[in-house]
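K.L.:
Chains as they are written, first to last, in the numbering used here: chain H, 1 to 836; chain C, 837 to 1222.
To be clear, the hints were calculated from the coordinates, so they are not data collected in a lab.
Heads up, a few of these hints could be off.
Claimed, not checked - In silico EDC-like links for lysine to aspartate or glutamate, alpha-carbon gap of 16 Å or less:
{"no.": "1", "chain 1": "C", "residue 1": "1115", "chain 2": "H", "residue 2": "495"}
{"no.": "2", "chain 1": "C", "residue 1": "1091", "chain 2": "H", "residue 2": "693"}
{"no.": "3", "chain 1": "C", "residue 1": "1091", "chain 2": "H", "residue 2": "696"}
{"no.": "4", "chain 1": "C", "residue 1": "1091", "chain 2": "H", "residue 2": "495"}
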Amino acid sequence: MTSGPDITAPGATGPATAARIDALLENRRGLLVTVETETARWQRTGAALGRLDEVLARLRAHRDASERLREVLGGPGLRDLRSRVAELLDQYGHAAARFSRGTVNLGVSGQARVGKSTLLQSLSGLTDDQIPTGSGVPVTAVRSRIFHTPGRSRAVVGLHTPGSFLAESVRPYHALLGLASAPETLEEFAHQRLPDEVDDSLAPLLQRLRGMQRGLWSYRDDLTGGEREVPLAELRGYVAYPTQSEVDAGEPARRYLAVREARIECPFPHAGVDRIGIVDLPGLGEVAADAERRHVAGLRHDVDAVLLVKRPLEGMAYFGAADSRALALLEEARGLVRRTGDFVFIVVNRGKDDAEGLTAALLGHLASEVDAGRAGRRFSVLQTDAADPHAVGADLLAPLLAALADRLPVMDGDIVGGLAERAGALADAVRAEVAALTAALAGLRGHASAPAEDLERQAEGLREDVAAELGEVVADLRAEVLGGFEDEHFTAAVEDAYADVSRWLARGLGTAGQDRTGPDGAGDPEAAGAAGDEDDAVHRQRWCARQLRQMRVHNNAAPVAADELNRIRVEIGRRFSSVDTYFEERVRRLHTRVADVLGQHTGELLAAEDGTVARGAEALGRFRALLDDGYEPCPELSAAVAELLALRLDYRTQLYPRIRAQLDGLNLEVLDPGEGQMRSQIAVAVNPAGVEELYDFITVRAEQAAYRTRKALLRDSVLPGMVLFAAVEQFEDALIRSGTAGREFRRLARTYRDELWPGRYGGLNSEHARFAAVARACEEIEVALRGGPGPRPAVPGPRPAVPGARTAGAGAAGARAAGGAQAVEADDTEDARWRV
Amino acid sequence: MESVTTDADAGPVFRIGMLGPSRVGKTSLVVSLLTDSERLLGGTPVVLRAADSSTRARLRLRRQELDGGLLAKKFDTAVMRGSENLTYFELDLKAGQATDGIRFSLLDFPGAWMSEHERRGSEEVRQWDECRDFLVGSNILIVPIDATVLMEADQAAHWQSVPAVLETLAVQEIAESWAGYRNLAPDEPALVVLAPVKCESYFADNGGYRDDSQLLRERVLDVYERTVELIRLNAPHAQIRYCPVDTLGCVELVKVEWEPSADDPGVQRPRGTFAVRGKGKISIAGADDILGAVCSLLVEAQRKVTTGLAAGHIASAQDMEVRGRELKRGFFRHVLNTLNGNIRANELERSGELGKARALRAQAQQLQDAVEMIAGRASSGRSKVL
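Just chain C, same shape as in the assembly (with noise of 0.2 Å):
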C-alpha cells in the first residue's frame, strides 16, 4: 500500500478516507465540502473540482436529494438513501495557473460494510477489504460522527446502543492501523478529522438558537477517547482535529425516535426529524475547517514535493557545472570539447535543470502562498486541534 502515488501525467495522488457507518452523512460531508469550497478557496489561487464526469455525476445527485428535502421543508433521516456502492470521488486540487493540481482520491462506501455481519457475498467481503486497504493507506481520515446520535441518546438503551450504531470499534481498529502505517512515513502528511455531523441544532453562531457545542465535544471525546489514544500512540506527529459542521445549515432537529433496529437485536437506532429553518437557504458552517485543514496539508505536502523535485534539478545543475568545468580544464580539451559542442551542450542542459528548479521554486512559492491564505481565512471557530 502507497499512500501518495504518483501518476506520470497528474503528479502525486493523495488518498483521503471518509471513516463512517451507514447513513452518518458521509456523502453529504463530501458535498457540503465541495460546495462550501468556492467559498472558502474564492479569492485564493486554489481551486477544488470534481476531477471526472463520474465524480461530478454523483454529487450532483446527492446535492439533488438535499435540496428536494429542502423544498418539502422537512428531513426524515430514516428515509435518506444512504451509498450502496464503492464510490471514489476523484478531486483536483488546483494551486495556481502554473501547477498541473494536486490529485487526490476521496473514498465513500456503504457505512454498513463496516459491520462484519453486514457484509454479505464474497463480493462484499473484497470490497471491503479494498476500502479498509485505502482507509489504512490514506493520508488524510475524516471520520464524519452523527451529532444527533450523541446528543439525543437520553436513556440507558440509547447509549448502549451508541457504539453499534456509531461503529465506534470499527472506526478505533482502523485508526489503530492507520496511525501505525502513518508511522512508517513520518514525513508524509497525516491527519484524523473527528466531524461531527448535523449539528444545526447544537450550535448558535448559524442561525440556531442554542449552544450546546461544549456538551456535543465533550460527547464525542469521551466516545472516541480511545480512538484519539492510539492515534496519538501510533502516531504522534500526525495531526488530530475536531471540526463539527453543518451539513446545510438550515434545518433543525425537530425530534428523535429511537427504535429497534432490525438487523440488530438490543439496538435501538435514531431517527430524527429535521425542519427547515427560515427560507431553507443552504448556510454551511464547520465544512471550511475541513476543507482548510485538508488543502494546507496537501499543498504542503505538494510544496514539499515541488521543492524537493527544484532541489534536484538543482543539484543537477550543480553536477552540470562541475562536469562544464571538467570539460574546459586544459587547453587542448577545452577546445576539443568546444569543437564537438560538449561544452555547450552541457551548458544547455544546466541551465535547463536551472530553469525547472527555478520554475519549481515559483510553483513551491505558489503553493506556500496559497496554504498561508487558506491558513489566514477566518475559520468557522468552532474547529479545535485536539
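If we strip away everything but chain H, and leave its shape as in the complex, we get (with noise of 0.2 Å):
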C-alpha cells in the first residue's frame, strides 16, 4: 500500500477537463479503422513487394539471363521500398496502439537530480519504497507504467526470459564494447572472461557489465518470463538501481535485471484523473547500453505527451548541452506530432528552498535558448515545487490536462494526415519503381524468340505423348473395373479390420481394460495390452458382473441392452474406417503414376530450382501451379489437374452409408418385417444367468454385424476402382480433349518451352514463364496499392482469364507491354488478350 500524503485536489483537475479527455479517448477508436484499413493494404502491398523480389532473383539466376538482363533487374530501388514500407508499417503500428489506449499517458524524463521521481511521487501518491529518489544518482532501472486505480494497490513485473535478457541486456554491451563472441546461455555469460582493461570511454559500460555478471546470483532465478504480482513494499528491488551504501556494502543484488517492464496500479491523490497513466523511463543521459534509444522507443510507443523537468539548481539553471540533446530526442519521439509544443511540456521544479534568481535565470534562457527569445511560443513552461503534491495537482495537472483536452485531437490529425501524407508519397515511389521496371522489361522485347511453326510441332507432340500414355492409365483402371478384378489390398484392408473387430468382441465385448482406464474404456494402451493378456473369460466374467450391476440399478435389462449395443455399433463402424489407410495409398500411386506420365514428357519443367523432381501429388500440384503462373495462364489445364489432386477416397462418406444397414441388427429393437412393426430382439432376466444371456445375444449380433459390414465391403470392393476410374478419365479427358486443350498445350510450350525442352531453343524468351511471374507480381502490387487482394497463395485456384479489366495500374500495363509476344494466333482470341 502507498503511505504518501493523503491529499487531493479537488479542484486541480476540473470535470470539465475529465469529461472532454473521456470524450476524446472514445473518440480515437474512431480513428482505428483507417489505421486498419490502411495497415492491411500496405502489408498486402509489401508482401506484394517481396513476391516482385522474390521472382526477380528467378529471373536473374536463369542460366539464360543475358548480362544485360541481370543489370536492369538488379537494382536496389526494391530493396529500399520493402524497407519504407517496413517503416510505414511501424508508423502505424505506433498509431494503432495510440488510438487503443484507454488512457492519456504522461512520459516524465529528465536528467539526473531534477526531481523527476520527487515528481513521480507526488504524481501517483506513491513513496520512496516505492519509487526511490536518489541524490544525483540515476535510480530509475526499469520502465514503468503508473495508472490510478481507485481502491487497488499492486504491482505486476514481466520478467525477461534466459534468452531475452542475453538479447536485449547483455548483447548490446558486447556490441558497444566490442567483445568477440557474446554468450550464448547463462552459464557461458556467468564464466565468461571480461577484458580487463577497454578505452577510457568504455570502461563505464565495462563496469555496469562486470556488475551484471557479479550480480547474476541475486536474479538468475528471477529469468523465469511471464509476469509476476509483488507486494508494493518490495517494489524497489525490481525496478531500482541499488543504492550507494548497498553497493558499498558488498555486491547488492541486481533483481531490475531481471525485469523487463513494471505495471502499478494505485490511487492517485488527484481528481479528474481515471483515465490518466504516468510512465516512468530510465534517465537521459545514464551510462548504459541503448539507453537513449528505449528512452526515445519508450516514449513514442507508449505516451502522449512528454514533462521534461529542469531545476533551477546552482550550476543547472540554464538550457545547456545535454538539455538540446535530451530535446532532439524527444522530437525524434514526437513523430508525426507537427509541434513539438503539444508533446513536450518543459516543467520547472523550483522547491522552496531554491533561489529565486535561479528561478528566473532558468526561465529566461528557456525563452531565450527554446521559445526563440519569447515565452511560450514553441512550448508551455510550468512552474512547480514537485515535493508539494497540491502545488504539482494546481500547477503542473490542471493546465497540463486542460492543454491536452484541447491539443491531444490535433496531434491525432497530425499523425494520421502525417501518415497519409508518407503512405502517398510511398505509394508514389512504389509505382514508379515499377513502372521503371516494367519499361527495361519491355526494352527487352523480342529477345530470342522461337520458331512458331517449331513450337507448335513440339506442343501437339506433346499433347499425343501424354494422351498415349494417360490413355494407358485409363485402359488398366477400365479393365479392372469391368473386369471386376478383385484388389487384394482392399481385401487384406478389409480382412485386417474385420479381424481387429472381432479381436475387440471377444475381449469383453471390447471391455478389456475398462478397469485400469476408467468408464469409457479408452485411452491408456498400456493397460489394453496388459489386459490382452488376460483370457477372454476372464473379460466375459467382468462384463457380466458390471453389466448385472447395472441391470440391478434400474431392475430392468433393456437400458443395458440398448446402451451396450449402441457402443458396439459405434465402435464397429469406427473401427473399419481404417480402411481408409489404403484408399489414401490407392490414391496416392494413381498421382504417382500420373505424375510420372507428366513428368516423363514434360522435361525438367517439374523439377524445383536445386534440381530435385516431385513425385505423385507434389509434383501434380507443381504442374498446377506452373500452368497458373505462366504468362499465358492455362485454366483449363489447371482446373484438370486440381479436380484430380481434390480426389478423395473415403470410408466416412463413400462406403459407410452402402453398409450402414448391416449394423441395423445391433438395435434392441428391429423392425419385424411381417408386423411391420418395431419390436424387441431380447429381454432377459435380472439375474446372473440372465446377464449370460445377454452376453451371448450381443456378441452373436456383433459377430454377425462385422461379419456382415466385411461382407458388404468386400462386395463394394470395385467401388475404389471406380471412383478412381471415373476420376482419371475426366483428368484425362479434360487435358486432351476439352475445347481449349489444344490451345492451352500451345501456350504452355510457349511459356515453358525452355524448361519442356532444355537446350533445343537459344536464350530466355520474353514469354517465359519468369517474365509472366514478374509482370504478375506487378500487377499484384497495383491490385494492392488500390485496397485489392495482395499475393496469390503458392498453388492458385483456376481464376478467370480477363486481365484487360485489371490492367488500369500502369505497373500492370507495363508488365504485359514487356512481354513481346511473337506468336500470336490469328484467331484465338483469349490466346490475344493475354497477349500485347
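Take the two lone chains, each set in its own frame, and fit them into one complex as the hints suggest.
P.N.:
Printed below as a string of C-alpha cells:
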C-alpha cells in the first residue's frame, strides 16, 4: 500500500476537463478503422513487393538470363522500398497502439537530480519505497507504467527469459565494447572472461557489464518469463538501481536486471485523473547500452505527452547541451506530431529553498534558447514544487490536462495526416519503381523468340505423348472395373479391420482394460495391452458382473442391452474406417502414376530450383501452379489437375452409407418385416443367467454385424476402382480433349519451352514463365496499392482469364507490354487477350 | 433300370434321389420334409410315414442332432456329421383308407462319393454305381444346394471353390443322364427340384430381417444354368422347380469362414456358424413346396395307374358281357350254358370286374381329390416353376 500524503486537490483538474479527456479517448477509437485498413493495405503491398523481389531473383538466376537483363533487374530500388514499407507499417503500428489506449499517458523525462522521481511520487501518491529518489545518481532502472486505480494497490512485473535477457540486456554491451562473441547461455555469461581494460570512454560500460555478471546470482532465478505480482513494499528492488550504500556494503542484489517493465496500479491523490497513466522511464544520459534509443522508443510507443523536468539549481539553471540533446531525442519521439510544444511540456521544479534568482535565470534562458526569445512561443513552461502534491495538482496537472484536452485531437490528426502523406509518397515511389522496371523489361522485347511453327509441332507432340500414356492408365483402370478384378490389398485391408473388430469383441465386447482406464475404456494402451494377456473368459465375467450391477440399478435389462448395442454398433463402424489407409495409398499411387506420365514428357518442367524432381501429388501441385503462373495461363488444364488433386476415397462418406444397414441388427428394437412394427430382440431376467444370456446375444449380433459389414465392403471392392477410373478418365478427357486443350498446350509450350525442351531453343524469351511471374507480381502490387487482394497463394486455384479488366495501373500495363509476344494465333482471341 | 417297380404286395414303388455333395444337408432336408409333412398333409386324406423301422431310426438320429444344436444355441457346420453309408429311406404315402399307399424309396448317400477321388476301394465304387443307377432311374431328383456357399462367397478364391464344394459338374452329369432316361418314358412322372437349403438368413418371411431371396435365386440359376439347360434339352416334359428351404427356420447365420480344403488343393470350403433365433422353436419353411410337388406328382402317377387298372377291369367286364351274349345265343346253347352254369359264372365274373373297376375309380377319385387338396394348400410363396 502507498503511504504517501493523503491529499486530494479537487480543484486541480475540473470535471469538465476529465469529461473532455474521456470523450477524446472514445473518439480516438474511430481513427483505428482507418489505421487498420491502411495497415492491411500496406501489409499486402509489402508482401507483393516481396513476391516481386523473389520472382526477379528467379529471373536473374535463370541460366539463359543475359548480363544486361541481370543488370536491369538488379537495382537496389526495390529493397529500399521494402524497407520504407516496413517503416511505414511500424508507424501505423504505433498509431494503432496510440488510438487503442484507454488512458492519456504522460511520460516523465529529465536528467538526474532534477526531481523527476519526486514529481512522480507527488503525481501518483507512491513513496520512496516504490519510486526511489536519489541524490544525483540515477535510480530508475526499469520502465514503469503507473495507473490511477481507485481502491487497489499492486504491482505486476514482466520478467525476462534467459534468452531475452541475453539478447536485450547483455548483447548490446558486447556490441558497444567490441567483444568478440556474446554469450549464448547464462552459464556462458557467468563464466565469460571480460577484458581487464578498455578505452576510457568505454570503461563505465564495462563496469556495468561486470556488475551484471557479478550480480547474476541475485536475479538468475527471476529469469522465468511471464508476469509476477509483487507487493508494493518489495517493488523497489525490482525497478531501482542499488543505492550507493548497498554498493558500498558489498555485492548488491540486482533483481531489476530480470525485469522488462513494471505496471503499478494505485489510487492517485488527485481528482479527475481516472483516465491518466504515468510512464516512468530510465533517466536520460545514463551510462547504459542503448539507453537513449530505449528512452525514445519508450516515449514513442506509450506516451501522449512528455514532461521534461528542469531544476534551477546552482550550475544547472540554464538550457545546456545535455538539455538540447534531450530535446532532440524528444523531437524524434514526437514522430508525426507537428508541434513539439504539443508533445513536450517543460516543467521547472522550483523547490521552496531554491534561489529565486536561479529560477528567473532558468526561465529567461529557456525563453531565449528554446522559445526563440519569447516565453511560450514553442513550449509551455509549467512551474511547480515537485515535492508538494497540492502544488503539482494545481500548477501542473490542471493546466497540463486542459492543454491536452485541447491539443490531443490535433496531435491525433497530425499523426493520421502525416501517415497518409507518407503513404501517398511511398505509393508514388512504388509505382514509379514498378513502371521503371516494366519499361526496362519492355526494352528486352523480342529477345530470342522460338520459331513458332516448330514450337507448335512440339506442343502437339507433347499432347499426343501425354494422351497415349494417360490412355494406358485409363485402360488399366477400366479393365480393373469391368473385369471385376479383386484388389487383394483392399481385401487385406478389410480382413484386417474385420480381424481387429473380432479381437475387440472377444475381449469382453471391447471392454478389456476398462477397469484400468476408466469408465469409457478409452486411452491407456498399456492397460489395454495388459488386459489383452488375460483370458477372454475373464473379460466376459467382468462384463457380466458390471452389467448385472447396472441391470439391478435399473431393475431392468433393457437399458443395459440398448446402451451396449449402441456402443458396439458405433465402435464397429468406427473400426472399419481403418480401410482409409488403403484408400489413401490408392489415391497416392494414382497421383504418382499420372505425375510420372507428365514428368516423362515435360523435360525439366517439374524440377525444382535445386534440380530435385517432385513426385506424386507434389508434382501435380507444382504442375498446376506452373499452369496458373505462366505468362499465358492455362485455366482448363489447371482445373483438370486441380480436380484430380481433389480426388478423395473415404470410408465415411463413400462406403459407410452403403454398409450402414449391416449394423441395423445391433439395435435393441428392430423392425419386424412381417408385422411392420418395431419389436425388442431380447428380454432377459435380471439375474446372473440373464446377463450371461444377454452377453451371448450381443456377441452373436455383434459378430454377425461385423461379418456382414466385412462382406458388404468386399462386395463393394470394385467401388474404389470405379471412383479412380472415373476420376482419371475425366482428367484425361479434360486435359487432352476439352475445347481449349490444344490451345492451352500451345500456351504451355510457349511459356515453358526452355524447361520442356531444354537446349532446343537458345536464350530466354520474353514469354517465359519467369517474365510472366514478374508481370504478375507487378499487377499484384498495383492491386494491393488500390486496396485489392495481395499475392495469390502458392498453389492458386483456377481463375478467370480476364486480365484486361485488371490492367488499369501503369505497372500492370507495362508488365503486359514487356511480354512482346511473337507468335500470336490470329484466331485465338483468348490468347490475344493475354498478350500484347 | 426301372424307375417304377411294382411290388406284388405294396403296389408301385417310386424313386426319389437326393443329389448333393457331402454335408450339404441331404438328410436334414429329408427330416424337414417328414417333419413338415404332418402340417402340410394334415386335414387331407394323405399320410406320409416311414415304411420301416430302420428308416424311422435314421430319421430319429438326425432329428436328435438337430435338436441338440438347438439346445446348444449354436451350430457349426463343420462339426455336423455327414452320412457315412448308402441309405434308403423307405416311405409310404397313403392317400385315404381305400388305398394301400404309395411306396417310395428315397436314397441318401455320402456326398463325398460324388467326387471321384473321394471314392476309396472297390466297395465304395460299387456302391456309388448303385447310387448312380438309382439317381438316374429316379422319378424325382432333388438337388439340395447349400445356400451359404452361394451367398457368402465374396472373394475370387471363394467363387473358384464353388464348383468343387457344390460338385456342380457331377450334378450336371447325373442330371443329364437322368433327363435322357426320363425321355424314354415320357408318361412317367419326372421332376427336378433345385432346393437351396439353410436359407434362414436370406428370407424375411420366417423370422428373419433381411430379404436376399432374389439374389439367392439369381445365383442358383446362374450356377446351375447349364444343368437346367441339359434337363430341358433331354427331357422336355420334366418339371423343374426352384424350392428354397429353411431346414430349421429358427437359426441364423452368424459368420462363415472359408478354410482350405484338406483334400482338394486350392479349394476353400465354407465353415458356417449359426446361432439359434429366439426360443429355438423349429419353423421349417419351403419344405411344403417340395413335399407338395412330390406328393402331387406321385399321387397323380398313382391315380393314373389306378385309373389304368380300372379301365382294364372295365374292359374285362365288357369282354364278359360279350361272352355272356355269346353264351346265350340260340335257344339250346342258352339252355345248355344255363344248366352247366357257364352263364352264371360269366355274369359273376363280369360283375366282379365291374366291382373292381368301380373300386379303382373310387380310389382314383380319392387320389384326384388329394392332389387337388395338396395343390390348393397355400405354399410358402418361395417356390417357382422354372
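K.L.:
For every hint, state whether the structure bears it out.
P.N.:
Hint by hint, here is what the structure shows:
1. C:1115 / H:495: The given pair, whose Cα atoms are some 33 Å apart, is violated under the 16 Å limit.
2. C:1091 / H:693: It is violated: about 19 Å lies between the C-alpha atoms, which goes past 16 Å.
3. C:1091 / H:696: holds (15 Å)
4. C:1091 / H:495: Holds, at about 13 Å.
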